[in-house]
Amino acid sequence: MKLSDLEGQAAEILRRYEYPKAAMLPLLWLVQENQGYVSSEAEAWVSRQLGVAIAKVREVVSFYTMFHTQPVGRRELRVCTSPPCVLRGANALLEQIKDRLDISPGETTPDGAVTLTQVECLCACEMAPMVQVDERFVGPIEGEVLDQVIGDALSAPGAPESAPEPDPYICSDGPVLSSRFGDPDGCWFDAFVAQGGYEAARRVLESMTPADVIAEVSKPNLRGLGGAGFPAGRKWSFIPKTTQPKYLVVNADEGEPGTFKDRYIMERDPHNLLEGMIIAAFAIGSHKAYVYIRGEYFRSAHRMQRAIDEAHARNWLGKDIQGTGFDLEVVVHRGAGAYICGEETALLTSLEGGKGSPRLKPPFPAISGLFSCPTIVNNVETLACVPFIMRNGADRFAEIGTQRQGGTRLFCVSGHVVRPGVYEASVGVTLRELIESEEYAGGVRDGNELKAVVPGGISAKILTADEIDVPMDFDSLKAAGTMAGSGGVIVMDETTCMVKALDAASTFFADESCGQCSPCREGTAWVHDILRRILAGQGKLEDLDDLLGVAGGMEGMTICVFAEAAAWPVQSYILKFRDEFEQYIRAGGSADREAAECQA
Amino acid sequence: MPSLTIDGREVSVPDGTTVIQAAEQLGIFIPRYCYHPALSVAGNCRICLVEIEKSPKLQIACNTFVNEGMVVHTGSEEVESGRRMVLEFLLANHPLDCPVCDQSGECDLQNFYMNFGLYNPRFREHKVKKQKAVQVGPHVMLDQERCILCSRCVRFTDEITETGEFGIFNRGNRAELGVYPGTELDNPYSGNVVDICPVGALTEREFRFQARVWYLSSASTVCNGCSRGCNIDMHYVLDRPHLNQGKRVMRVKPRYHGDVNEWWLCDEGRFGFGWLDEGRLEAVRGPTEDASWEHALNVIAKLMQEKRVGVIASTQLTNEELFLIREIFPDARVTASVPERPGSSDDFLIKPDKTPNTRGAALLGLAGPNAPDAEDIVDEAIAKKLDVLWIMGHDLVDLFGAEKARELSESVELLVFSGTNESPTAELAHWVLPTASYVEKDGTFVNCDGRVQRIGQAFPPLADSREDWRVLLDLARLAGPSLEWSSPAEVFRELSEAEGAFANMSYETISDQGALIPSAKPTEAAS
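First to last, the protein sequences are chains F and P. Residue 1 is where the first sequence starts when you use the numbering used here, and the numbers rise one by one after that. Residue 1 is where the second sequence starts when you use the numbering used here, and the numbers rise one by one after that.
One chain only, chain F, in its complex shape (with noise of 0.2 Å):
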């Protein structure tokens, strides 16, 4: 299609928004949807259409990763290579592939059919090794679910697909986040509204005020489910009682490595999550909010915008809902690939139409987000605990959890255990429960010794096997010297190779760094560099400790927590496992190093 043909759908697309340049990622998506990549026209378009500089479309372009700027084959074949895939064998995966295509990553087969492209986490890692075909994601990769994904990739857009959905375990327990997980289809509007949906917030909306509703969520101690922890109606509670318009913005970016649960809300629930967000809009006078979902997460997108269509047809969203005189309405904003977008202020700057670059802060989103008003940004987790808490009452949801963090999470276990899948639980379980129990993730896989455990997402310190008796909640987990973070477990057994392991690791934040300041531009880079020198067998032992100077220099150097991410590997898994990396350096290129080497 030619780009005259779009302005219609980009006037429309424009509309969504308070400031053109905020729809510079929805009308880069229009352009490669419709002509498979943006091209140096579709920049001129796009510029022309937001009234942006040239080289300010260029900058976010050339900084997301889903946007190609060359042509690419028929369909698109991403494949993971974060480590929870490559836990369960993701680069011997990747070669495969290569090999049944004849191509590298980057390039596109000679008939034009597909494009490969090594992607990192995808956060599908209860299905690794995973990869993705367009917009479907498919894994475990084994046995001849590798054919069937080759052939999907190798034939026709829309052509019927062979691989199988996946088929992970998933915990549909609740009682606050997960009980209609088990359904796929039984989570729209009249099934969910037959349960009892959409009644908290009505109750909300009829006979509550903003402040009764922040009292009633500051009880049970919620807490931001996103990974910091923040307690969620404090947050709420800093938007200032001006005139201004506020903004809620739904934080769907999930990245972190080893975290695959806001999926399954979006995917599996996306009418709690709106319910929480018409309570959460109300409690801080906000009337329009935004879900960023990362650009991954296609299927995410497409249910959240089935739920908002049903929701406004049901006048659950729009004017006056309900006849309250409340009025809310929600756009669907798709992120592009940047991990770094997951930061709130980052994710605002993405969302304004830039770089996703985090903001100094202060001034705090409260105060000053997106387009400079007051802004809350909560995680989709987070607010789908709302409703539960509405309609149940705070003391229920504070009696599920501990002391100071009511509730439960789903907790995300992925690695070398028996059952890779989502878990709802008390935040007051333990790590090992959720690794070893039956009603969790059955153990480690193939009867192996437990080796070490990252606890909440890939940036979170690590922990060996005898560190796991930790409940899972906040205080907890950061008493023991790492974090709960996205609620990310990620197991290894004894197998595992650390070294590799934290190179995975750093690969992953060398490529996601935004590179804006310049401890985490080039420190990122650096550990990364060291690692693969170590890898080589070209490794000193002086190695390890410029290691750790490197990730000290980065820890709290910074605008944002990334650096601190990036540095809590490295310094942990050093500190944790010297003994193997020493070994491992000694062993260098010599004959020894292959028998030095676990096998990951």
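One thing to keep in mind: the hints can contain errors.
Unchecked claim - Label pairs and their in silico Cβ distance ranges: (1) P:Glu68 / F:Lys361: 54 to 60 Å; (2) F:Ser372 / P:Ser487: 52 to 58 Å; (3) F:Lys361 / P:Gln131: 41 to 47 Å; (4) F:Tyr37 / P:Asn111: 40 to 46 Å; (5) P:Arg124 / F:Gly174: 52 to 58 Å; (6) P:Asp186 / F:Lys361: 45 to 51 Å; (7) F:Ser372 / P:Pro181: 30 to 36 Å; (8) P:Gln131 / F:Arg314: 42 to 48 Å; (9) F:Glu107 / P:Val134: 23 to 29 Å; (10) F:Asp5 / P:Asn67: 54 to 60 Å.
Stated by the list, open to error - Here's a subset of chain F near chain P, in silico, CB distances under 7 Å, partners left out: (11) Asp167; (12) Leu360; (13) Gln516.
Said to hold, decoys possible - DSS-like, lysine-lysine: derived pairs with alpha carbons at most 25 Å apart: (14) F:Lys219 / F:Lys241; (15) F:Lys319 / F:Lys241; (16) F:Lys540 / F:Lys500; (17) P:Lys57 / F:Lys361; (18) F:Lys361 / F:Lys241; (19) P:Lys54 / F:Lys361; (20) F:Lys21 / F:Lys361; (21) P:Lys57 / F:Lys540; (22) P:Lys127 / F:Lys500; (23) P:Lys57 / F:Lys478; (24) F:Lys500 / F:Lys98; (25) F:Lys361 / F:Lys478; (26) F:Lys21 / F:Lys2; (27) P:Lys385 / P:Lys307; (28) P:Lys302 / P:Lys385; (29) P:Lys307 / P:Lys247; (30) F:Lys478 / P:Lys54; (31) P:Lys384 / P:Lys302.
No wet-lab data here; the hints were simulated from the structure. Please read these numbers as outputs of a predicted model, since none were measured by experiment. For every residue, glycine included, the Cβ atom is placed at its ideal position computed from N, Cα and C.
Got chain F; can you put chain P on it based on the hints?
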């Protein structure tokens, strides 16, 4: 007004002041790359780390607002080690090509390494390769490898010129500065990005490989390119004729003035200095081969006492010189009101009047509504109502056409041309007097906002050229009225007594900030 302590010294500053600004008030320099007072705070370079008591980690001084009772340390061991680490990060991928880098000698990577670095480098990996020697615009060269991505230039083109040419493309350590392919950094202020670049990433095309900066001398002056009067530093070399084909002026840099040009200068002013060393008039020319200053001045002095004289002065001349003209030619037809065509202009710095002292000339009655029109004087001369006509710097051929200029030279008894550079009018004149350019003499201009600014003298006049004021004083001695003054400063003293607009001003009070004439309202010169 919160009070805080920085390195043991107390200071009170207005609310909303940042630590880096407060430190500056105490004369404490905190190193910076990305911070620039004219631009939004980016906070990305991290070199301005300071220790703030009761704060768990080091803070960046550029984005930390002062609080009552805050205690700041800018040189503690923790701060020093933090800075060292930041420098090590910044230099990890730096190409260290200082021997071929024009920035060398005025580079803040060099300076801060020597002041705050001096570590043993640990980086043993391959450096990232990026593009070098990229011409991004008519005046600016980019070296992506030297760039530390501080984003000053990006913010300049986003926030000051609002032209948006620069972007930082890609991310992580692949991030690189550039312009969009096929576009150019060609806004009228492009040269400023070279000044604000703290390293050798952006350098001037014109200055490229011309001289090491440590050979440059610098003199403060005021740009004569338009009536804005931007404060500038003239960088020149007098003692190394093998450099720059023997030309003295190497480059021009803006000098900060909060009410005139802030940190900036337009490209026209920055790069339009070629005439100072090219095409200059170097010797007196007259009807005979042995023409000399003495000979010329005697001829002029004699005739000006006996004949009807016209002087077409110039708004390129200083107030002192215009005042002398007025004093020396009390009965002559004198004007500085010449119909120059207005040039390009904008709402930032560039003014349409391409001369520096129209306002001064008007205050002295030589320009403005009451001053005679230059063309009328030329017509009077052609009509033989004048016998002597002295043209100061103007090209009559360009102004009134070749035919009229020729007619004039044939009509008058004596046509004198004084000026800095060769021109068609000089060819027609009976006597040609080489005069000093504005950087070769002292004096004052009055800019468009009524600010009297001193131009200073950077270096002596070229060859046998002389300052206009000296020529005029010499003439006065020959033709009377005898004037006792011997320098622009002395002339200015008389001028300030004679002209109310300049009352109570002296070179001391004008200083390096200039002084507003009483009728000039305070204006925002450059915002």
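Task: Hint numbers not upheld by this structure, sorted from lowest to highest - done: 1, 3, 6, 8, 11, 21, 29
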